[in-house]
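I would like the entire structure built from these sequences, with the hints used as guidance.
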Amino acid sequence: MKISRHFTQEIARVVIGVAAFSTLAVMFWILYQVLREGLPLLHLSFFVDPPREMGRAGGISSTIIGTLALTVVAIVIATPLGVGTAIFLREYTRESRISRVIRFGTDCLAGVPSIIFGLFGFVFFVIFLGMGWSILSGGLTLAAMILPTIICTAEEAIKSIPYSFREVSYGLGGTRWQTIRRVVLPNAFPGILTGVLLGVGRSVGETAAVILTAGSSFLMPDSIFSPIRTMAVHFYILAREGISMEMAYATGAGLIILILIINTVANWLLFRYVHRG
Amino acid sequence: MENQFKIVIRDFEVYYGSAMALKGLNLSIRPRQIFAVLGPARSGKTTLLKSLNRLTDLIFGANHRGQIFIDGQEIYGENVSLPELRRRVGMVFDLPTALPMSIFENIAYGPRLKGIAGRTRLGEIVEASLTAAVLWDEVKDRLHSSALRLSGGQQQRLCIARMLALEPEILMLDEPCSGLDPISTASIERSLMSLKEKYTILLVPHNIQQASRVADRVGFFLGGELIEEGPSEEIFTRPRMKKTEDYISGRFG
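Sequence lines, in order, name chains A and B. In terms of my numbering, the first sequence opens at residue 1 and continues consecutively. In terms of my numbering, the second sequence opens at residue 1001 and continues consecutively.
Worth flagging that the hints you see were computed from the coordinates, not collected in a lab. Be careful, since some hints might not be right.
Claimed, not checked - Quick list of the computed label-pair ranges, beta carbon to beta carbon:
1) B:Phe1060 x A:Ile115: 39 to 45 Å
2) B:Arg1030 x A:Asn267: 57 to 63 Å
3) A:Asn267 x B:Ile1059: 37 to 43 Å
4) A:Lys159 x B:Gly1066: 32 to 38 Å
5) B:Ile1059 x A:Val14: 47 to 53 Å
6) B:Lys1242 x A:Tyr273: 55 to 61 Å
7) B:Asn1079 x A:Lys159: 30 to 36 Å
8) A:Ile30 x B:Arg1042: 54 to 60 Å
9) A:Ile261 x B:Gly1077: 43 to 49 Å
10) B:Glu1167 x A:Tyr273: 30 to 36 Å
11) B:Lys1242 x A:Phe104: 55 to 61 Å
Stated by the list, open to error - Within a straight-line C-alpha distance of at most 20 Å, the following computed SDA-like cross-link-like pairs (lysine to any residue) qualify:
12) B:Lys1114 x A:Ile180
13) B:Lys1114 x A:Lys159
14) A:Lys159 x B:Leu1058
15) B:Lys1140 x B:Ser1184
16) B:Lys1198 x B:Gly1179
17) B:Lys1114 x A:Trp177
18) B:Lys1006 x B:Asp1071
19) B:Lys1114 x A:Arg182
20) B:Lys1196 x B:His1206
21) A:Lys159 x B:Phe1060
22) B:Lys1114 x A:Thr179
23) B:Lys1140 x B:Ser1151
24) A:Lys159 x B:Ile1059
Computed from a predicted model, the values in this text were never measured in an experiment. Ideal Cβ placement from N, Cα and C applies to all residues, glycine included.
As structure tokens, then:
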């Protein structure tokens, strides 16, 4: 039997349409579920009050601070390392033994489950280096976890810059660093930002590695050596220990709003950057 | 070194890996004239240009043998500063390559790398360079808009202006008119004729007609070899070599 070209065309259209629609449907279903349960509980006081009675009452202020602090530490450590590695791979070496070793290493790192990073962070930062459960231990652990993502996206961004731009810069008397600083990095910035945002998303959402390295204390931290509880961990503990499903949903809704804010700010930054001058 | 020559090339060869791109080249070029580098595709023209400002250094696996002197200084010798050399020997590529920044910043790019920072000084350089490249009148009201919005011909003149902003001694233009309309081509040729009063110019012409219009001397290259070199009226009317004649009369190319 011969199937007409028109028929296969129709089938392809339907299959692809269903795929796209299901993706959207799943996403909206999750959002709807969490927001329906959580939104009614969100008041300003929920964001500015610290948790009370193990989280049964009060707000989530200290967990918001904890989440932000941990993410900032992770990003501040991982971004320069990751972008530096990507520049090294693209601008300072050709395909060589050293670049293959680095790439193999990052590929392996990218596939390691987060709990293994947590275990490593616990053994190395918390115990061996004596940092204890703290923002610093957790941030360093998360930095190691998101490093492969940042290296990979930054390398792709740098790779996509035309060779002719570099040739022009060198041709006008630019040194390698001047060329990187004035041509490569500015043009790679949007791509690098995408990688950093993926890293932010992973840091904000991580639980297992965070519990092992930053602890789960919901007291307000006073330095980067204090233990903290992130919103994702708070959500996990509230739900897992059956403390309060309502508060868990409210925390989940707050987490979603936080991520929306971060993405909006990043998009606005990107827009400003692309349409500058 | 003979003083009447700006550039002296001796037994110069370039390899990409094991492929030879330039073979045993001996050539001397006088100052303040237009030297046309003529030849079909893959004859070593671009390699010759990129050897003169050592942009071949960027190409992985490129190697050279022999010597090139500019004003008597061996450019592959020790203690040669590459940024310094590339400021003296400016280059315009075959495809217009405006950097994704404003017109002003494109021109100011080279001077800024050199450490010139004053706004007024940069403004003067930008105006002078754009005027010399016959682009000033078209863009003077939108210096701070993106250079990518210029037309192809304007972008190529922008590249010429950007090169001139560094006040080089030697200008190298690799098919600067490929892909341009006859009007833009004519305006670029006009600016070349006025630029040769001050500069030594190496031009890879877009076609034989262009070479005969603007060049003082012509070198004909084939397969990485210089077949013959001489004053342009001689090359175009009575070439000594059969291959040159065949190429010029359009039998191959």
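Quick rundown of the hints versus the structure:
1. B:Phe1060 x A:Ile115: 39 to 45 Å: For A:Ile115 against B:Phe1060, whose Cβ atoms are near 42 Å apart, the range 39 to 45 Å holds.
2. B:Arg1030 x A:Asn267: 57 to 63 Å: Taking Cβ atoms as reference, B:Arg1030 and A:Asn267 lie about 58 Å apart, which means the hint holds.
3. A:Asn267 x B:Ile1059: 37 to 43 Å: 39 Å, holds
4. A:Lys159 x B:Gly1066: 32 to 38 Å: 34 Å, holds
5. B:Ile1059 x A:Val14: 47 to 53 Å: 50 Å, holds
6. B:Lys1242 x A:Tyr273: 55 to 61 Å: About 59 Å separates the Cβ atoms of B:Lys1242 and A:Tyr273, which means 55 to 61 Å holds.
7. B:Asn1079 x A:Lys159: 30 to 36 Å: 34 Å, holds
8. A:Ile30 x B:Arg1042: 54 to 60 Å: 58 Å, holds
9. A:Ile261 x B:Gly1077: 43 to 49 Å: 59 Å, violated
10. B:Glu1167 x A:Tyr273: 30 to 36 Å: Holds, at about 33 Å.
11. B:Lys1242 x A:Phe104: 55 to 61 Å: Given a distance of about 57 Å, which is inside 55 to 61 Å, the answer is holds.
12. B:Lys1114 x A:Ile180: Roughly 16 Å separates the two Cα atoms, so the pair holds.
13. B:Lys1114 x A:Lys159: 27 Å, violated
14. A:Lys159 x B:Leu1058: Holds: A:Lys159 and B:Leu1058 sit about 16 Å apart, inside 20 Å.
15. B:Lys1140 x B:Ser1184: 18 Å, holds
16. B:Lys1198 x B:Gly1179: Not OK: B:Lys1198 and B:Gly1179 at ~27 Å, beyond 20 Å, violated.
17. B:Lys1114 x A:Trp177: Measuring from Cα to Cα gives roughly 13 Å; hence the hint holds.
18. B:Lys1006 x B:Asp1071: At roughly 5 Å apart (the allowed maximum being 20 Å), B:Asp1071 and B:Lys1006 satisfy the hint.
19. B:Lys1114 x A:Arg182: 13 Å, holds
20. B:Lys1196 x B:His1206: Holds: B:Lys1196 and B:His1206 sit about 18 Å apart, inside 20 Å.
21. A:Lys159 x B:Phe1060: Judged against 20 Å, a Cα distance of about 16 Å means the pair holds.
22. B:Lys1114 x A:Thr179: 13 Å, holds
23. B:Lys1140 x B:Ser1151: Status holds; Cα separation ~15 Å.
24. A:Lys159 x B:Ile1059: 16 Å, holds
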